[in-house]
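**Student:** Residues per chain are reported as follows:
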Amino acid sequence: MYIIVVGGGRVGYYLTRALLDEGHEVLMVEKSATVCEIINEELGSVCHRGDGCEVATMAEIGTERADMLVAVTGDDEDNLVSCQVAKHKFNVPRTIARIGNPQNEVLFKKLGIDVTISSTNLILENIEAEVPTHPLTHLLNLEDKGLELVEVRIPPDSPTVGKAVDELSLPPDSVLSLIIHKERKPVVPTSSTVIEAEDQIIALTTPESEKELRAALRGAEKEPPAAA
Amino acid sequence: MKIIIMGCGRVGAHLAKMLDADGHSVTILDVDPYSFRRLSPDFKGTALVGNGIDEAALKRAGIEEADAFVSVTQGDNRNVMAAQIARHIFNVPKVLCRLYDPLRQEMYSTLGLDAFTPTTVIAEILKEKLES
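Chains as they are written, first to last, in the working numbering: chain A, 153 to 380; chain B, 2 to 133.
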């Protein structure tokens, strides 16, 4: 595959090296002459000096025959424009953008960027998974369906302990998929399955209903006092 | 009209002054509070520190009720990204965006964005002056 990497920072450097090792044809685009020189000395002539958002530069390096463009500069706006130029001017089939602000995921998707990778979100997900008391952990996003798979742990003092599933007021778009009772086999819940303390519940929900689902399973959490 | 201007440089500050004088409700956004020195002392609008490519900052600037959005920072990519947020996330009725790079301007115009470039305009004025 011919892959273009935009941005010669640390992410770009290691990505290029890994892709080269896998046998791909890789070309990196980097604005800084010094950075370019160092990379070319180390990895062979793989770095082209130029602006990855400029149509002229991208034409020079044969972007029209690229199978993929990965924009990994430190600035979301540069990554966005670079991917849009690749898509709309050169019909690159697959564009991937690194994003710093997780909120930009929605915008980038809307604007046709195929994949976004947010380091902020990746780290957040890991923290959530590491902290056992965290009320709700994201396991998987099914983006095209607008659904997500989450894990909710039931604290021992939860008002839902001892209640059956059909006694809970679950949001309509949420489904409990699996209940893992403490030290026992996981069960697929029915309406009569009883919630126990320290259950792990795997549920399918939407980002909008996340809060409601959490409240339904763990009891309403105290809202912080509203700012005056 | 409620108008949000992103970038308080010479163009942004001047535009804010003119619109303000015409009675529009203007909010100007810039990442650098020092840039607000360019606003005229009788400016009645709002000057807000914030990044126009951040949805939270745009909401604080009142983009949900805005009738128009103009991006005139020094960075083409910033301008075009902010304009696309205004257009596609917040559905602002009128969105304008300045791009120094004529090739980028051409591309985003075909994508339906109201982008304009001072570069070719100024070059033409200069050429005309030189040849007259």
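Certain hints may be false.
What the hints assert, rightly or not - Derived BS3-like pairs (lysine-lysine); straight-line CA-CA distance at most 27 Å:
1) K363(A) to K60(B)
2) K95(B) to K261(A)
3) K130(B) to K262(A)
4) K95(B) to K262(A)
5) K262(A) to K128(B)
6) K241(A) to K3(B)
Treat the hints as calculated values from the structure; they're not laboratory data.
**Student:** Broken hints, numbered, in rising order?
**Tutor:** Violated hints (numbers, rising): 3, 5 and 6; every other hint is consistent with the structure.
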